[in-house]
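K.L.:
Turn these sequences into a full structure, and let the hints guide you.
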Amino acid sequence: MTFSSYIKSWGVGIKSLATGMSISMMNFWRKPVTECYPENRHTLQMSDRFRAVLTMPHNANNEHKCTACGICQLSCPNDTIQVISKTEAAEDGKTKKVLDRHVYKLGQCTFCNLCVMTCPSGAIVFSQDFEQSVYTRSKLTLQLNQPGSVLEKKQA
Amino acid sequence: MEVKDITLQGKGTKDIEFKDNEYLEQYLQELRANGVNIFVEKLDMLINWGRGNSVWPLTFATSCCGIEFMSVGAARYDFARFGFEVTRSSPRQADVIVVAGTIVYKMAPVLKRLYDQMADPKYVVAMGSCAISGGPFVKSYHVVNNVCDIIPVDVYVPGCPPRPEALLYGLMQLQRKMKVENFLPDAQKAQKKIRKKLKEVEVKQ
Amino acid sequence: MDLQEKIASLLPSATIEQAQYLTISVAKNDLRKAAETLRHQLGFDILWSLTGMDWGTALGVVYHLASSAKPGEIVVLKTQAEDRENPMLHTVCDLWATAELNEREVYAMFGIRFINNPDMRKLLLNENWVGFPLRKDYNADPELNPLNLHSDEVSDLRPKLVEQADGTVKEEWDEIFTNKEYIVNIGPQHPATHGVLHFRVSLDGEAIKKVDPHLGYIHRGIERMCESLTYPQMLHLTDRLDYLSAHMNRHAICMCVENALQLEIPERVKYIRTLMDELTRIASHLLAWSCMCMDMGGLTAFIYGMRDREKILSIFDDTCGGRLITNYNIIGGVMADIKPGFQKQVKEFIPYMRKMLKEHNAIYTGNVIAKNRMTGIGHMSRELSINQVVSGPSGRASGFSSDMRKHRPYGAYDKVKFNEIMRTEGDTFARYSARLEEISASLDIIEQLIDNIPEGQSLVKTKAVIRLPEGEYMEWVEAARGAFGVYICSKGEKTPYRVKFRSTGMPLVAVVDEISRDEKIADLIAIGGSLDYVVPDIDR
Amino acid sequence: MNLELRTLMQLIDEGLRANLPKFWAVAIECLSVGLALLAGYAVLAMLLIYVERKVCAWFQVRIGPNRVGPFGIFQTVADTLKMLLKEVIPINHVDRFLFYTAPFVVIAASMLTFAALPFAKGIQAIDFNIGVFYIMAISSISILGILLAGWSSNNKFSMIGAMRSGAQMISYELSVGLSLLAIVMLSGTMQLSTLVEQQADLWFIFQGHVPAFIAFVIYLIAGHAETNRGPFDLPEAESELTAGFHTEYSGIHFGFFYLAEYLNMFIIAGIAATVFLGGWQPLHIPGLDGFNYVMDFIPSFIWFLAKVFFLIFLSLWVRWTFPRLRIDQLLHLEWKYLMPLSLLNILIMAVLVVMGWHF
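Protein chains in written order, with this note's numbering: chain H, 1 to 156; chain D, 1 to 205; chain Z, 1 to 540; chain A, 1 to 359.
The set of hints was computed from the structure by calculation and includes no laboratory data. Every value quoted in this text rests on a predicted model; they were computed, and no experiment measured them.
Distance condition first, Cα-Cα at most 30 Å in a straight line; then the derived DSS-like pairs of lysine-lysine:
#, chain 1, residue 1, chain 2, residue 2
1, Z, 463, Z, 494
2, D, 19, H, 139
3, A, 156, Z, 122
Looking from chain Z toward chain D, a few residues come up when the C-beta cut is under 7 Å (computed):
#, residue
4, 133
5, 189
6, 191
7, 217
8, 219
9, 220
10, 221
11, 310
12, 324
In silico contact screen, one side only, chain A against chain H (beta carbon under 10 Å); selected entries:
#, residue
13, 62
14, 337
15, 341
Each residue gets a CB set at the ideal place from its N, CA and C atoms; glycine is no exception.
P.N.:
Here it is as structure tokens:
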């Protein structure tokens, strides 16, 4: 190392340190970018495509659209969904397969959206309610159809 | 103390409807049934206030969830607001281990050891589907399907990976759980018993 | 004389056919000769991927080769070992160094042992694992391999099979570390290993004498799982390989399946995928930059990088419905068309990022401490990077041109002008700055595409049950950490027969020992940051 | 109106002496001074941790603690409470005696240095005629604690951390000493109270202009390095050595290291303020009597704290901007840059003093 390069290294070093410090000082005066969850809970807008939990929408008469065909269960890559059906006597005397329980393991879901995409009747959708933490693991196994709900009648 | 009395510090926390209050209720009931006076209160409340607001996580991540965990630590979500930002790399100094990611057979002993190295009181958050149930890899030959088999879990945060807000919500749930703990030794003994019992109930389910 | 004839004349005993790539099949005993001919006489110096196979009756290996002059022109070499009880093949790791770790993986997964490979420990699995998981007759009974919570001692003995002069094979053992060495375990739980990587490091004071990487702390058996999933179901696993290149990985597998089905993909989809790929690349490089800064102690720079990365994540959040794991590409297109606001968001992001890039350079790149810590440290020569097939920004920093966007254009990359970022220094600083330069290159690509997204469908209908025609397919994309390849072997079923993902990270770990020797512990951390491996991608 | 702390002290002193025998009065005073110092130490440490977390957050465009109390000011109270009640893990294979002594050595060393600082006019627990000497000697004891901690932990990371710390301390102690020496040459005294009094009209950094300023900067850098804080946090080096020398410490033992680290920052800033920036003396500019008169109204302890916190802010600014040095860079910086400069600086100072070129 020559003497001149030694002197130069002082200059280069000090200059680079000063540049760095000026950048951090600039950021010091910037407004924080923090989004304050949970303070902003009321205004928090999730993208409508965000997938937080699978739900089965019910209408006002407690009816859903699931025909218990089981395609969602088949297309699920890791057995998150279990469609339990029962047979019921229909009005015209024939027996008919209807949904008993649509069991969904939230704690196992990978949110790949295959079930929603393949569902022929559009019975299930993902909702954006991400506040799902619990203390008990079994609470993460959800039943999507509400008690007493039935299949929505097709409009004639 | 009732479940409705458990409040967290900070604006906006009062009007969240927290999930799974049944567990806390059961917990309190069991505490009472075991003859622990949960009205030793004042001291306990002070201690729990301290503990609940100073949860230092262990820098531990195995996969994708770890990146979201880092996001929670970064500027946009900033868990420093809760006083959680002092992530410790040494398990001896950490209070909570956030199991962020898949735990496989080869990793299981390491996780167990990390947990054992932590000082009491210590907590575990299972973050994401992998830690809760094996998630996408539930059918794999090399993946532990439930972190509960290795270490006791306090809070489950579902998601794949859970978004940062969801993790913050999970950590608030943990804070709530901490608020009902007791400091006195005999209470702790009872607590351990209760935890075990509650876990057995869960396994049966 | 074209290549096929040339090979036929040099290797008369080989069967050569033209499938997706030129495929050369040789018998077990001709493997060495074929490999040596390809390597030395025909200049195939890149071993892109080494895939173990179980063809039911015989086990075997498939090698994907290319030459560094034309990394996109791939030739396949196949061989098989008939003996299922004690299968043995000759190693090729003296020809292509990258084979060493890959052969160890094949040993763990298929039980094929490689003669003359200096290290025949199982990669990814514990030494006492019963069975070979990727074999078709693997017994998955959990009783055989129970969950063990007791940590076993790490053994520093390694076996190897040495061929004697008379042709017989003898097993020998040697020690990696002597018991006089000061060995530090960095990982599996360590803040700077980017996941659960385990280095056993032998130290002399602060200086590193030797590094022995241990892998498999996040081996999830993805390849095995894929064999029992249908093609649409498989996709969600690729996102979780290298989660920072989730989009590209999924792009690769979608492309592989689409090409096998000969599905025509609309231009719009190609544009959207390319845009998303580039955004993912920026996000990934930003994270890499941030983490490297954090590893070197610059916590504030880490937060700045993460702050800018969040901008991209909100774009993903809006259009794809996921932040990190987006689940956006599907076979035949994308899951949902882009949101109306997408273009506006991206256009706002570009100038912002350019401005921030300047700041990042000012606060960190120019910093005298950082610069001195990076320049001249961890030098990787071009030969080493080719020999170990270190692709991506790390390889390009050493002068190894391996950009699949250039060499095998896919998506909309043939419609944009961009430069492959190349450097020649090969040190930590070169790798570091190559990443930052790639961010601006990606911004340029996005700028060219964002206003020209053609109208059209965003998804082509596919059959309800997808069956790939019988054959072998491999497609490549340039992921954030290098060339990522998906190999699918189909027997015409609705599930694949064998799937292999070419790990972009394994070569990065393989070179650590060589390039960090005689450097300091702090340098090992910086080197690791500059290589930017993602462990779940290595372990799969 | 007199806001000086000294008035309060005198009142207490007179009250005690009037009502008690002399021995008891002195005994009670000693005890209360000790307690006050301890309390001050603890409160300051907690305050500093809060300040650091908040300032760090602002540098990183975040908000920082805001839950416990208004703006999160009780954050560190909660931390302390938790830390006090956290389990101290007994560890096998450690050298028990040394392992458990180490944190106390560290905290005692910083306590002793802290006690010697002149906080305000007339508020100084001990005032040696070799005050500067004392501070330097005592503050370097804490390195012993770190070495002990690293060695006795029986952990390879800790060991490397301790060794780094040793190398660092030995090197930077020189620059610290030499830069203080420059001022001692200028003032001709080592007694802290005299040092401060001499700066009544003009602070030393102005009196000694160029060499004093150089000495000040060197002192800040070397002092910062002595506190083992980033970018000089090699012994701890989160990303390399997990937690360095205190990897194996848990609970309150770790808390001691943690507190001492912050207090050392205060001490370094306090010494710098005392020696270079006039201690508790207000800012006086010769010739501007009106200005000086106004400045005198601000109580001395406020002056002192203001200077100290300004210097602490500087140190935080540096801490949260730069990446960590590597061990060889650390030594280069000292032996190739700071040391020669300090020696040269002493020479300049000597010429300055001899020729009387100072103000």
